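Undergrad: Please build the complex by placing chain B on the supplied structure of chain A, with the hints as guidance.
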Amino acid sequence: MAEKPIQGERKAFLTGNEVVAYAAVAGEADIMYGYPITPQNEIMHYWTRMAPKYGKRFLQTEDELSAGFTTLGGVLSGAKAFTATAGPGNTLMQEPMSMAEMMRIPAVFVIQQRGGPSTATVIYSQQEVTMTTYGGNGEGFRVVYSTATHQDLFDYTIKAFNTAWKYRFPTFVLGDGYQAKMRESVTIYDPQARGIELIKPTPYLGKPGSIGKDREVTHMRNTYNTEEELYEVVMSMAKEYDSVAPEIVEFDAREVDDAEIVIVSHGVVSRAALSAMLELRGAGYKVGYFRPVTLRPFPGDQLRKVADNAKRLLVVESALGQFNKLVQTNIYGSAATIDTIFKPGVGVTSEEIVAKIKATL
Amino acid sequence: MAKAVKIVLAGEGGQGVQSVAEILAEAANTEGREALYIPNFGVEQRGGVSVAYLQISDEAIGSPKFQKGDIVVALSERAVLRTQRYVDGNTTFVYDTSIEGIEDQLPKNAGRVLAIPAIEVSKEEFHPRVFNILIMGAVIGATGVVPLDRVKAAIEEKLGYKFQENPKLRELNFGALERGIDLVQKAQ
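Line order of the protein sequences matches chains A and B.
All residue numbers for the first sequence refer to the numbering used here, where the first residue is 40 and numbers rise by one.
All residue numbers for the second sequence refer to the numbering used here, where the first residue is 97 and numbers rise by one.
I should point out that these hints are in silico values taken from the structure, not numbers from a laboratory.
These numbers were taken from a predicted model, which means no experiment stands behind them.
Treat the hints with care, as some may be off.
Computed list of lysine-lysine pairs in DSS-like fashion (alpha-carbon distance at most 27 Å, straight line) [to be verified]: (1) A:Lys-382 <-> A:Lys-278; (2) B:Lys-164 <-> A:Lys-382; (3) A:Lys-395 <-> B:Lys-164; (4) A:Lys-50 <-> B:Lys-99; (5) B:Lys-219 <-> A:Lys-325.
Just so you have them, the derived chain A footprint on chain B, three or more residues with Cβ under 8 Å [claimed, not checked]: (6) 113-123; (7) 127-138.
Selected chain B positions facing chain A (in silico; Cβ < 8 Å) [claimed, not checked]: (8) Ser-159; (9) Lys-161; (10) Gln-163; (11) Gly-197.
Heads up, the beta-carbon is just placed ideally off N, CA and C, and yes, glycines get one too.
One chain only, chain A, in its complex shape:
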């Protein structure tokens, strides 16, 4: 097999989709399953270009339902498998994603959000937040990293594999069409050269040895006969999810201590929020910045403290309040007031945020 795809580290100037493909190769994914949909197509294109050189494989399926299930099949067989999708593809993939929750299958899903509902635009949105965090017929036992930069895309795609295989909850890298298609600089690296240990996958089904003699039977269930039986399973999953959540939660808080208003945003919108905060601070306004990196689990305790302290939040997102629902649920009981900028399917600029804060402070 060829040598490592990335030796040491180097600066690169890439589209976000290329970055994801590089990260999946560097993160030692074995196989990608996928079905084309804009704006994630080039993840598949670049993966298929690189994969054969490193003994990796690709399977194009007949739709996203199948791409999701084949990904889970690959994982069960012991491969580090992943898939990528967007918009209506994300909708279709909710069923395999729910199965991954129920059976504790550690798959990685990369989502490049596009406009919705339905086909809508192929361009951009943050309208897949509710679906990615709590989609399917389940309780949201998932890990969702919302990326903002190409560096995030690289870092968190690698991390997603480790998180998924360590905790056995399906793990999502939630990007968007802007991040997918734009070019900016990024440092790509060999994770091991940075001391990042990559978890090796093992087969969940079809393990070696005979049952009853060499090993126990493997029994992975997604169906239950009684309500009580299911209740026990779901509650024990909830308990486990809650117990590992503090280890998984990530966020970025800046200038919040003396802030009179804190801009709360996630993903690519947090770039505009950060620019706005820096500009307003430069002009003497006491503005803070809070960005959850994980939307599931959500940094609720951390945000509640910030909210209680500042007493005012400005929630900004490219959706009609999907992220704000997470914010409100998680800080329920806080006396902080919430202003909003909701722009479903449209980008947000720092100028808009600056203008809004100047008008309200």
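TA: Relative to the frame of chain A, chain B by itself:
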């Protein structure tokens, strides 16, 4: 905080505005500056106005798209109409003189409006295919956002394999680039 230089390039599909933005972004990146380039994209397979958004800065760049451009280049009638929204009092608006009867539809609020005969000059003095390189020259002439030698190096990086086969292409491209700078400076 130093503001990013914001550039919008718009033209018909095939006029090469995306290549211009990509090469300028790469030139800035190799110079060690921050650059962010994003194309517009939709469901159309062909036709339609092609728009490229480019930002170059000394600091981390915020949102990928922006409200107003420092320089807005429109290379067709439809592009002139489409790009009005990116123009304000600080914008240099550049359009091609071959677009007929467009005078009434040029943005009234632009800081300045420059008409350059890029299509005509590229056809008569060079070759229609280096039209976009001439436009690239106009952008760097109007903004000074990336030094000429960096842009030449980025073009070399992109087209070097073609230049090796035919060194005259290098002359043609670099000639068009410098002529673009010249045109925009004369227009000012």
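Undergrad: Holds or violated: is the Cβ of Ser-159 (chain B) closer than 8 Å to a Cβ in chain A?
TA: 4 Å, holds
Undergrad: Regarding the hint that Lys-161 (chain B) lies at the interface with chain A, is the smallest CB-CB distance below 8 Å?
TA: 5 Å, holds
Undergrad: Would the hint linking Lys-395 (chain A) and Lys-164 (chain B) be met if the CA-CA limit is 27 Å?
TA: 17 Å, holds
Undergrad: Can you confirm whether the C-alpha distance between Lys-164 (chain B) and Lys-382 (chain A) stays at or below 27 Å?
TA: 18 Å, holds
Undergrad: Check the hint pairing Lys-219 (chain B) with Lys-325 (chain A) against an upper bound of 27 Å on the C-alpha distance.
TA: With Cα atoms ~56 Å apart, Lys-219 (chain B) and Lys-325 (chain A) exceed 27 Å; violated.
Undergrad: Go through the hint on Gly-197 (chain B) and say holds or violated, using the shortest Cβ distance to chain A against 8 Å.
TA: 32 Å, violated
Undergrad: Are at least 3 residues of the stretch 127-138 of chain B within less than 8 Å of chain A when you compare beta carbons?
TA: Since three or more residues must qualify, the claim that chain A covers the stretch 127-138 of chain B holds, with 9 doing so at under 8 Å.
Undergrad: With a cut-off of 8 Å, does the beta carbon of Gln-163 (chain B) approach a beta carbon of chain A closely enough for the hint to hold?
TA: 5 Å, holds
Undergrad: Please verify whether Lys-382 (chain A) and Lys-278 (chain A) have alpha carbons no more than 27 Å apart.
TA: Violated, because 36 Å separates the two Cα atoms, which is more than 27 Å.
Undergrad: Would you say the stretch 113-123 of chain B counts as covered by chain A, given the rule of at least 3 residues with C-beta under 8 Å?
TA: This one holds; 3 residues, not fewer than the three required, reach chain A with a Cβ under 8 Å.
Undergrad: When you check the alpha-carbon spacing of Lys-50 (chain A) and Lys-99 (chain B), does it fall within 27 Å?
TA: 23 Å, holds
Taken one by one, the earlier hints fail for this structure at numbers 1, 5 and 11, listed in ascending order.
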